[in-house]
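Protein chains: 2
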Amino acid sequence: MTQNRQVHLKSTPENNPEPGNFEVVSTPMPDISDGEVLCKTEYLSLDPYMRSQIAGRHMSGSIQPGDLMRGETISTVVESRHADFAAGDIVRGFGNWQEYSVHSANELSAQPKEISPPSYGLSVLGMPGLTAYAGLVWTAKPKAGDVVVIPAATGGVGSTAGQLAKIHGCTVIGIAGSDVKCDYAVKELGYDACINRKTENLAEKLTEYCPDGIDIYFDLVGGETLNLVCTKLALNARVILCGLMEDYNKPTRTPGPLPGPIIGARATLSGLVVYDFEPRRGEFIEACLPYVNDGRLSMREDMAHGIDAAPEAFCRLMRGENQGKAMVKVSS
Amino acid sequence: MTQNRQVHLKSTPENNPEPGNFEVVSTPMPDISDGEVLCKTEYLSLDPYMRSQIAGRHMSGSIQPGDLMRGETISTVVESRHADFAAGDIVRGFGNWQEYSVHSANELSAQPKEISPPSYGLSVLGMPGLTAYAGLVWTAKPKAGDVVVIPAATGGVGSTAGQLAKIHGCTVIGIAGSDVKCDYAVKELGYDACINRKTENLAEKLTEYCPDGIDIYFDLVGGETLNLVCTKLALNARVILCGLMEDYNKPTRTPGPLPGPIIGARATLSGLVVYDFEPRRGEFIEACLPYVNDGRLSMREDMAHGIDAAPEAFCRLMRGENQGKAMVKVSS
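Protein sequences appear in the order of chains A and B.
My numbering numbers the first residue of the first sequence as 1 and each following residue consecutively.
My numbering numbers the first residue of the second sequence as 1001 and each following residue consecutively.
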């Protein structure tokens, strides 16, 4: 019978993860019991928060050497022993880094048929999209003319937030780590400008592009970028604290932004965790499907192929070398 | 004719200010022109933000050696050449550190007669009270049962915020710099507990008094206290960023709170500047006068006497040795 190939963490990296920190393991196909559903993984989402799980610092729990790597997936139901699902259904859940997964029915959600391609259920119409929508639209409440700055501008959350900000009539400035990404941000995603943080002076460029200050900063990176941006806020600025990419690969944590300039700007900083918005996922999809259908909202997907390719794809993501949302097409 | 005695800054202190950094100067009585009002200072408010003005770091502008010290006052109109005011009126304005002041009519506000004693127009029903009300009630929106932490617990803003939090049914924990202040906070102001930051372990005591985390932190001090509190926030905590007392006497600024725990708590940090709430002062006084009249809201005033006593009183305030709202009764 077919084996179920899985990716386990082999050793905990200290800085940037390497493919050697992971191990592909063949395990027997799982059996299912009454009430359970056997799924074949179609797409696996790779996300920066996984680095934080490996470091033992993520709120969703830690991953130790020997553990199966975790992650969200779009899967096809192979066999169902629960009335809510039938073979052939497309479902979303945490199928993890493996070819097959077994779930209680309550761990799975039917993927709406309108989501096309199905991988969009893990990207622009999935958790990254929900994160962007909850932070930008529901929390920061953009107004036409607001100046919005987005680091990790071409990633899953950032590229959705950038396009949503343009839809809301904002001026949108991205920050990214290469000229290729910056070109993509401006030419394909519609950013008004994008700063290459590796070759340009970020402080000078932010002052040049945001002469009247920054109204909304959708923080996905923390670190010195957050601290710098918080000295350049406009009156009544909103800062969404949502990710700490700059610190994920570091053994220590960067101190936070000075409170003085935050007071002076009468700014609001809001911690955001996407899990809290799960009950509003339907509302988000309903709002964003029309944007996807009319082409104003799209997602470039950086797609690796086969579960064996997942470790290298994740390491590329953590080195910032992905072009678009990092994913794995697991089934052939 | 009577002289007008003023306090000028003589030299800029590097750390704690000393009385020798100030100079009392006798100047001629000012003349007034059409449209102006001559006022005799009754009460002068002394506030920590003045240290920031001296350091050249305050948003209201800097005070250089040779400049008149600035401050809010309650005064009696001596002579008016404007129809809105008449001799004998009680007015509030920025009369500064001097016995007499001249103002355009639009720089003065009539003090409501219901405010008794009149000095309350500079304390519990004045700018410190408005700061406390705007931060606690309008911004943090306390619910019964919320755990509220207030540093500088017995000062002008802190003691008002603490009493307002009790009125709203919260559990209120103070932080202060002496046993005398802590006793006062608990016995007179109604705090549930008060931590002596100089003799007790703040981290341990906060954990002991707030085992389920801190719902509201009304920050008046910044520094390491802010950073510590931000690691102990409850879910959906609100932090009001309003003062930087710990940094005012320092040449450098303390880095801010780590964003990670703020994200985890889904907390909101809001920069607050009381000037923004000036249009709502009447609404605030209307809400708080009943509390003052029924005894639930009061203010201990640490009253110095005569303008010559202002420098020493201000230095005591900056050393944290004041007992209640620091003020000067200027007129004899």
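Misleading hints may appear alongside valid ones.
Said to hold, decoys possible - Partner residues are not named here, just some residues of chain B that face chain A (Cβ under 10 Å, in silico):
1) Ser-1052
2) Gly-1222
3) Gly-1256
4) Pro-1257
5) Gly-1264
6) Ser-1332
If you're looking for bench data, these hints aren't it; they were derived computationally from the structure.
Quantities reported herein were computed from a predicted structural model and do not represent experimental measurements.
We put the CB at the ideal spot given by N, CA and C, even for glycine.
#### Entry: Proposed interface contact between Pro-1257 of chain B and chain A, which counts if any beta carbon pair is under 10 Å
With Cβ-Cβ at 5 Å, under 10 Å, it holds.
### Task
Have a go at the Ser-1332 of chain B hint: is there a Cβ in chain A nearer than 10 Å to its own Cβ?
violated (38 Å)
### Task
So, Gly-1256 of chain B near chain A? Judge it on the closest CB pair being under 10 Å.
holds (4 Å)
### Query
Taking the least C-beta to C-beta distance, is Ser-1052 of chain B closer than 10 Å to chain A?
Hint holds; Ser-1052 of chain B Cβ to chain A Cβ min 9 Å, cut 10 Å.
### Query
Does the nearest C-beta of chain A fall within a distance shorter than 10 Å of the C-beta of Gly-1264 of chain B?
holds (5 Å)
### Task
So, Gly-1222 of chain B near chain A? Judge it on the closest CB pair being under 10 Å.
This interface hint holds because 5 Å falls under the 10 Å limit.
Of the numbered hints stated above, the single one contradicted by the structure is hint 6.
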